[in-house]
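Novice: Sequence order for the protein chains is A and B. Numbering-wise (numbering that gives the first Met the number 0), the first sequence opens with residue 0 and increments by one. Numbering-wise (numbering that gives the first Met the number 0), the second sequence opens with residue 0 and increments by one.
What the hints contain is simulated information worked out from the structure, not anything from laboratory work. Yeah, the Cβ is synthetic: ideal placement off N, Cα and C, and Gly gets one too. Each statement offered as a hint is correct.
Some chain B residues near chain A, calculated using beta-carbon distances under 7 Å: (1) V43; (2) Y44; (3) A51; (4) S65; (5) D78; (6) P81; (7) H83; (8) G84; (9) W92; (10) P96; (11) A97; (12) I103; (13) S104; (14) A108; (15) S173; (16) E202.
Here chain A is said to cover these stretches of chain B; the calculated rule only asks that three of the stretch's residues, wherever they fall, bring their Cβ under 8 Å from a Cβ of chain A: (17) 29-42; (18) 52-63; (19) 70-76; (20) 109-119; (21) 162-169; (22) 180-189; (23) 208-221.
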Amino acid sequence: MTAVAAAHDHHAPPKPTGRHRLTGPGWLRVLWTTPLGFGVGAGLVVLIRWLADWHPLWKGPVIVTVELVTTPLFFLVGLGGFDYWGYYASGRKTRPEDHSGHGARSWRDYFRVNTDHKVIGIQYVVTTIVFFMIGGLLAMLFRAELAQPGDQFFNPQTFNVLVSDHAALMIFLFIIPAFAGLGNYVIPLMIGAADMAFPRLNALSFWLLPIGGVIFLAGMVVPGGGPSAGWTCYAPLCSHQPLGQVFFNMGVQWAGASSIMTALNFLVTIITMRAPGMTFWRMPLLVWANFTTSLLVVIATPFIAGSQFFVMFDRVLHTNFFEHGGGGYVLGYQHIFWFYSHPAVYIMMLPGFGIISEVISVMSRKPVFGYRLMALSLLAILVLGFSVWAHHMFVAGMAGWLRVPMMVTSMVIAVPTGIKIFSWLATMWEGRIHFTTPMLFALGFLSMFVIGGLSGIYLASVPIDIHASDTYFIVAHIHYVLFGGSVFTIFAGIYYWFPKMTGRMYDERLGKLHFWLTFIGFNLTFFPMHYIGLQGMPRRVADYAHRFADINLFISIASFGLGASTLVFLYNMVYSWRHGRAAAANPWRALTLEWQVSSPPPIFNFDEIPQVVGNPYEYGVPGARHAIFGAPKPEPVGAD
Amino acid sequence: MRRGSVFQLVGLGIVAAAITTLVAVLVPWLPEDASRESGRIHFVYWFTTGIAIAVFSVVVAVLAYSVLKFRARPDDDSDGPPTHGHTTLEIVWTAVPAILVTAISIVSAVVLAQNGHAGPNPLRIQVKAQQFAWSFTYPNGKSYGYLTLPKGRSAKLDITSQDVIHSFWVPEFSQKQDAVPGQHNMIVVTPTRLGTFPVICTELCGLGHALMRSHADVVTPAQFATFMKNGGTKGPAGLAVFQQNGCGSCHTFKPANATGTIGPDLDKLAQYAKQANRGSLAQFTKESIVSPSAYIQPGYSDLMPHTFGTQIPANQLTQLVQYLDQGAK
Chain A
0 MTAVAAAHDH
10 HAPPKPTGRH
20 RLTGPGWLRV
30 LWTTPLGFGV
40 GAGLVVLIRW
50 LADWHPLWKG
60 PVIVTVELVT
70 TPLFFLVGLG
80 GFDYWGYYAS
90 GRKTRPEDHS
100 GHGARSWRDY
110 FRVNTDHKVI
120 GIQYVVTTIV
130 FFMIGGLLAM
140 LFRAELAQPG
150 DQFFNPQTFN
160 VLVSDHAALM
170 IFLFIIPAFA
180 GLGNYVIPLM
190 IGAADMAFPR
200 LNALSFWLLP
210 IGGVIFLAGM
220 VVPGGGPSAG
230 WTCYAPLCSH
240 QPLGQVFFNM
250 GVQWAGASSI
260 MTALNFLVTI
270 ITMRAPGMTF
280 WRMPLLVWAN
290 FTTSLLVVIA
300 TPFIAGSQFF
310 VMFDRVLHTN
320 FFEHGGGGYV
330 LGYQHIFWFY
340 SHPAVYIMML
350 PGFGIISEVI
360 SVMSRKPVFG
370 YRLMALSLLA
380 ILVLGFSVWA
390 HHMFVAGMAG
400 WLRVPMMVTS
410 MVIAVPTGIK
420 IFSWLATMWE
430 GRIHFTTPML
440 FALGFLSMFV
450 IGGLSGIYLA
460 SVPIDIHASD
470 TYFIVAHIHY
480 VLFGGSVFTI
490 FAGIYYWFPK
500 MTGRMYDERL
510 GKLHFWLTFI
520 GFNLTFFPMH
530 YIGLQGMPRR
540 VADYAHRFAD
550 INLFISIASF
560 GLGASTLVFL
570 YNMVYSWRHG
580 RAAAANPWRA
590 LTLEWQVSSP
600 PPIFNFDEIP
610 QVVGNPYEYG
620 VPGARHAIFG
630 APKPEPVGAD
Chain B
0 MRRGSVFQLV
10 GLGIVAAAIT
20 TLVAVLVPWL
30 PEDASRESGR
40 IHFVYWFTTG
50 IAIAVFSVVV
60 AVLAYSVLKF
70 RARPDDDSDG
80 PPTHGHTTLE
90 IVWTAVPAIL
100 VTAISIVSAV
110 VLAQNGHAGP
120 NPLRIQVKAQ
130 QFAWSFTYPN
140 GKSYGYLTLP
150 KGRSAKLDIT
160 SQDVIHSFWV
170 PEFSQKQDAV
180 PGQHNMIVVT
190 PTRLGTFPVI
200 CTELCGLGHA
210 LMRSHADVVT
220 PAQFATFMKN
230 GGTKGPAGLA
240 VFQQNGCGSC
250 HTFKPANATG
260 TIGPDLDKLA
270 QYAKQANRGS
280 LAQFTKESIV
290 SPSAYIQPGY
300 SDLMPHTFGT
310 QIPANQLTQL
320 VQYLDQGAK
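So here's chain B without its partners, still in its complex pose (with noise of 0.2 Å):
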C-alpha cells in the first residue's frame, strides 16, 4: 500500500471511531446505578463497549476505503489480483479478538463472583411471585406488595415463583433473576442510593406479564428501622392485602390507584353484583375472590388464578371484602 493510503484508511479508521464514541458517551445508554452490583456490571459494560467501538471502527473503515476505492466502471471486465490468502494476517486475526475475548470474559467472570458475594449480615428477604404479583416477606414475618430496602446493607433475594416462570429486575440495580416454580434463586442487591425504582417482570408469564409490576423503596438505614416496626402501607388495612396481593395488576380501583384491565373494573363492583344477583355486595366479593370462576362478569374471561382463597388469611380476606366493597358505594 502507498503511503497515502494508509493515511486515508486510519482517518477513516477514527472517524469511525470517533463517532461511534460519541454515540456511544452522548446517548445516555444506560439507568443509573442504584446498587454497588450494577456500579461493576456497567464497568464490564464500558470495558466491552471500548473493545465493541475499536473492532467496530476497524471494520467499518475497510469497508468503506473498499467501497470507495475499489470500485469498478461499468465497462470493467478485469479482475483483481489473484490474492488467496496471507498466514500471518489470518493468523493475527484469529489471535487478537481471542484475546480481546479472552480479557472480556476474565473482568465478566470476576465482577459475576463479587456480584454473588453478599456483605456481612445481609437483610434476608423472601421473594414470590405469582400471576401477576410480587410479595417480599422481612425475617420479621411481615408481607409487602412492593420492596423497601436500607441504602448501604446487602440484601439477599431468596426468590420463587408459584405457578409459572416470572423474573424479578430492577434497571437500576441490574440484577436480575427468573424466579422458577420449586426453585430458591438468589441474587445479592446492595443499594446505593435513595429513591424509589420500578420493580418489572421480564419473563413472560401470561396475560397480565405487562402490567406485573411493583416498586423499590431505598431508604436510610433509620427509615428502614421505623418501616420494619411500623409496616409502612398508610391508609386503610385492606389497601395493604390488596397491594400486596397484586390485585391492581389485573383491575381497575380507583381508591387505590389501581388501572389493570385484565379483569373487571372493581370500581364498578356494585353494579356487577346486581348484575350477578348471587347474594349480597359482600357475600359476591367474596366469592369472586375465593372461587373466581363461580361467576364471569360478561365481556372477561376466566382467567384469575384459584389461589387466592388459601393464600390469604382469613381476616384478610375479611378486611380486603371490606375495602373493596367501601370504595364501590
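Only chain A is shown next, with the shape it has when bound in the complex (with noise of 0.2 Å):
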C-alpha cells in the first residue's frame, strides 16, 4: 500500500557555477536585485517629483511607501518566484519543468522557491510558529507593563505599538497563514492528489508572507515610531500615525496577497484534483473546511486591502475617504474592515472545525455524526458570516435601524456553530477515546470554544454589547475563540499531523504536559479578564484604575506561565524532529489517504492513483474502505 520515495526519477539539479550563481535564483541574486529594487523605488519617486517640480525631491515618508513595494517585489525576482512566468512571457525557452524544485534534500531547500506542496507545508508552519513565538513575546512585554497600574516600562506610544504588532502578528503572520500550512500540506494527499493545482502560485505565496512579517517587525522600530492605531486600526486616528503605520497598511498587503493565492489555489485544486470516486460528499470534513474558508477569503480579503489602502491614502495622497473635513465617510473605514474582519473570524475558525471533526472521529473510533450537516453548517457560517460585520459597530453611531437585524443574523449563527458542538459531542459518544495530545487540545479546543461562543451570544445582543465592547470582556471573548478555539486546533492539527510531516514522532509525554500547561495557563489568564471588562476596565490602555491592579498583577504572572508553556511544546518539536522514533505510516490507525502513503510521503504522494470507494470515516463499519490502490499504473504524475 505504501511506497518510498522514489528516487530514480529525481535528480539534483547541476550545481550553478561561475557568474550564473549571481544570475541564478537563489540567496546570492537577492543580494542584489533588492538594493535595486530599494534603488528603483527611490528613484521613481525622485524622478517624478523632479518632473512635476515638487520639493522637496527627496521626501522620505513618500519613498518609504514607494519602497514597501518594490523593495519585496524585488526581492522575490532575487529569489526566483517570477522566474518561470518571466521565461515565458518573454518567449524564451522554458526549462521543463523537472521536478528539481520536488522534496527537500536538506534544510537549505526550505530556504528556496519549491513547488512542492509538503514543502511548502512544512515552510509554512514553521514561519508561522516562529511569528507566534514573537506575537507571544510582544505580549508578555505589555503584560509586564499592566502587571502594575501607571507606567512602569513602556510609555504609550510603545504600549500601543506592542498591541497592535501582537494582534496584527498573531492574525496575519499565525492563525491564517497557519491553517494554510496545514492545509497545504495535508489537501492533496487526502484528495488524492499530487500537488497543489499551481504548485508556483503556491510557492510564490509562501514567500509573501515573511516579507509581509518583516514589514510589520520593521515597522516596530522605524524612526518616528511604530503603528500604534491598535489591528482594526480605526480612521482618521489611523491616518495621523507616526511613519510604522505605513508598514501596518502595507504588511497586511502582503500578508492578504498571500492569503488570498492560497485560498485560489485550494479552490482549485479542491474542484478539479480530486481522486477518481471522491465525490464531494466523500471528502473528508477537512477539506471541505478549506473550501469553505478559501471562499471566504477570495470574496472578502480584497475588502480589508482596499481599507488598509484607502487609510493609506488619506495619509500619503490627501485624499479624503475617512476625513471628515474633507468630505469623507469617518464611519466608512469600519464597514469596510469588518466587511473583511468579520468573516476573517470564520477564516480563523473553520479550517480548525476541520481539524478537530478528523482528530475526534479517529480518536475515538466512530464515524463523524452528522457528516452532511456538519458540511452544510459550514456553508451556512459562510453565507451568515457576511451578514453580520455590523455587530463590531454597535456602538459607533451606525445608521440605527441596522442594529436589530445585524444582531438576529450574529445570533443565528450559533445555530450551525452549535450542530457542530453538538455532532462532535455525539461522535465521541460510545467511542473508545484515546487522549493522544492531538485528542486534548480537541478537547480542550470544545470546551473553550464553548465559553467564546458563549459569551460571543452576550456581545451579539446589543443591550450587552453596549455596556461591554471596547472593554477587556471583549478581548476575553476574543482570546477564548482564537486561542481557546484556534490556536488549540492549530496544536491539534499539528500534533496529529506530525508523523506524517516529518516521520518522527512526538514525545506524547511532553505533548501532554504542553497541553495541561497551556490550558490551564489559559483559562488563569483570560478568564478573569470577562469580569475586569465588565466592571469597568476598557481595552487598549496603558494604565488603569488602581482597583484593577491585583487582579491585573494576577493576570500577567498568569500569562507569562502560558507564555513558558509554548518553550515545552518547541522543545518537543525540535527534538522529536531530530531525534524522535521513526514513525509508522499510519499510526493513528486512519482513514483518510494521507495515512496510507508512507511518512513523510513519496516525493509525488502516491505511486498509484487511489480509487477512492467510500466515506472517510467508517470506523466500526466491517468491511469499509474509503480508497483502494492498485488502479492501473499512472502516466508520470505532475509532468508539464
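Could you fit the two chains together into a complex? Lean on the hints.
Specialist: Right under this line is the structure:
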C-alpha cells in the first residue's frame, strides 16, 4: 500500500557555477536585486517629483511607501519567484519542469522557491510558529507593563505599538497562514492529488508571507514610531500616526495577497484534482472546511486590502476617504474593515473545525456524527458570516436600524456552530476514546470554544454589547475563540500530522504536559478578563484604575506561565524532529488518504492513484474502505 | 442507555449547573446599576446568563461523561459503534438553540428600544470629545469638564468629536456611545442613584487614551438647580478652564490634582520657561498653549493638539495662564 520515495526519477539540478551563481535564482541574486529594488523605488519617486517640480525631491515618507512595494518585489525576483513566468512571457525557452524543485534534501531546500506542496506546508508552519513566538513575546512585554497601574516599562506610544503588532502578527502571520500551511500539506494528500493545482503560485504565496512579517516588524522600529492605532487601525486616528503605520498598512497587503493566492489554489485543487471516486460527499471535513474558508478568503480579503490602501492614501496622497473635514465618511472605514474582518473570524476558525472533525473521529474510533449536516453547517456559516459585520459597530453611531437585523443574524450563527459542537459530542459518545495529545487539544478546544461562543451570544445582544464593547470583556471573548478556539486546533493539527510531516513521532508525555500547561495558563490568563471588562476596564490602555491592580498582576503572572508553556512545545517539536522514534505510515489507524502512504509521503504523494470507494470516516463499519490502491499504473504525474 | 447512566449524566449536568451558577452569582460581575437603562441591560444580561448556564452545563456534562466512560484501554484496538447520525436528535439541536437565540434577540430588541426612549422634558447636553478631554455643555450655554446630572430625570447626550473617534462610557450607567467627528450620536441616561461615577474613553484615541477620564456626578434635583445657577467648580477661574479642556489628562499639575505624564510637568513650568528663554513666564505659557509646536521641552514629543488657541475664549485663556503661572511660582 505504501511506497518509499521513488528516487530514480528525481535528480538534483546541476549546481550553477561562475557568474550564473549571481544570475540564477537564489540568495546570491537576492543580494543584488533587493538593493536594486530599493534604488528603483527611490529613483521613481525622485524622478516623478523632479518632473512635476515638487520640492524637496527627496521626501522620506513617500519614498518609504513606494519602497514597500518595489523592494519586496525585487527580492522575490531575486529569489526566483517569477522566473518561470518571466521566461514564458518573454518568449524564451522555459526550463522544462524536471521536478528538481520537489522534495527537500537538506534544510537549505526550505529556504528556496520550492514547488512541492509538502515542502511549502512545512515552510508555512515553521514560519508561522516563529511569528507566534514573536507575537507572544510582544504580549508578555505589555503584560509586564500592565502588571501595575501607571507607567513602568513603556510609554503609551510603545505600549500601543506592542498591542497593535501583537494582534497583527497573531492574526495575519500566525493563525491564518498556519491553517494555510497545514492545509497545504494535507489537502492534496487527502483528495488523492500529486500536488496543488498551481505549484509555482503556491511557492510564491508562501514567500509573500515572511515579507509581510518582516514589514510588520520593521514598522515597530522605524524612526518616528511604530503603528499605534490598534490592529483595527480605525480612521481617522490611523491616518495621523507615525511612519510605522505605513508599514502596517503594507504588511497587511503582502500577507493578504499571500492569503488570496493560497485560497485560489485550494479552490482549484479541491474542485479539479480529486482522485477518481472522491465526490464532494466523500471528502474529509478538513477539505470541506478549507473549501469554505477559501471562498471566504477570496471574497472578503480584497476588502481589508481596500481599507488599508484607503487610509494610507488619506495619509500619503491627502485623499479624503475617511477624513470628515474633507467630506469623507468616517464610519466608512469600519464598514469596509469589518466586511473583511468579521468573515476573517471564520477564516481563522473553520479550518480548525475541520481539524477537530478529523481528530475526534479518528481518536474516538467512530464515524463523524451527521457528516452531511457538518458540511452544510460550514456553508451556512460562510453565508451568514457576510451578514453580521456591523455587530462590531453597535456603539459606533452607524444607521440605527441596522442594529437589530445585525443582532439577529449574529445570533443565528450560533445555530450552525451549535450543530457542530453537538455533533462532535455525539461522535465521541460510546466511542473508544484515545487521549493522545491531538485529542486533548481537541477536547480543550471544545470546552473553551463553548465558553467563547457563549460570551459571543452576550456580545451579539445589542444592549449587553453597548455595556461590554471595547472593554476587557471583548479581549477575553476574542482570546477564548481565537486562542481557546483556533490556536488549540492548530496545536491539535500539528501534533496529529507531525508523524506524517516529519516521519517521526513526537514525545507523547511532553505533548500532554504542553497541553495541560497551556490549558491552565490560558484559563488563568483570560478568564478574569471577563470580570475586569464588565466592571469597567477599557481595552488598549497602558494605565488603569487602581482597583484593578491585583487582578491585573494575577493575569500578568499567568500570562508569563502561558508563554513559558510554549517552550515545552518548541522543545518537543525540535527534539522529536531530529531524534524522535520513526513513525509508521498510519500510527492513528486513520482511514483518510494521507495516512495510506508512507511517513513522510513519497515525492509525488501516491505511487498509485487511489480509487475512492467510500466515506472517509467508516470506523466500526465491517469491511468498509475509503479508497483502494492498485488501479492501473498512472502516467508520470505532475508532468508539464 | 441504561437507567444508571442516565442518572450519572443528569448528575454531572446538575453539578456543572450548580458550580456555574455559583460562579455567576457569587462573583459581582457587573458594576452597581445607577441608571434606568443599566437596570434593563442587567436584566438582558441575567436572562442570557440563565440560558448560557443551561447550554454550558449540557455540553460539560456530556463531555465529562464521555471522558470518564468511553476511555479506551491502551491495548484496545476496537472501534466504536458505527453511528452515522440521528435525524430527530439533529433536528432538536438545530431547533432548540434557534429558539433560545430568538428569545434573547426579542428581549434585547425590546430593551434597546426602551433605552433609546427619553422621558418627557429630557435634559439636553452637548458632549464634545477631543484628544484627550471631555466637555459637557448645558442648555444655559455653560461648559464643564465633568458631567453633572440630576437624579431621576432623563438626559439626552448629543455626542460628537473634534478630532478622532472617542467613546463615552460610564460603567454604572451601562450606556456607551462612540464620539465620531462630523456626527452627532445620541444616548439617553436616566440616573437612579446619587454618587460620583467614572467617565471613561473606551475607543483608542491616541497617546492619552488611558487617561482620557472624567467623572459624572449624580445629584438631587435641588442641588442640580443650584449647580445650573452657580456653576459648581470651586476655586480659581483658571482651574475650571484647566479641567474643562482636559489639561490634566496629559500634564501633571499639583494645584489641580492632575497627574498626566504624556506632556511636560506643569509644576516645573517656571524652570522650563527659564530653560526655553522665550520671553516672560506668561508669554511662554501662552505661546505653549496657543502654538504648542513653537518650542518642545526636551524629553517630550510634539503631540499637543493645535486647537486650543481657537477653542479657548481670550478671557478664559488669560485666566488659565494666570492660574498656571501662579501654581508654578
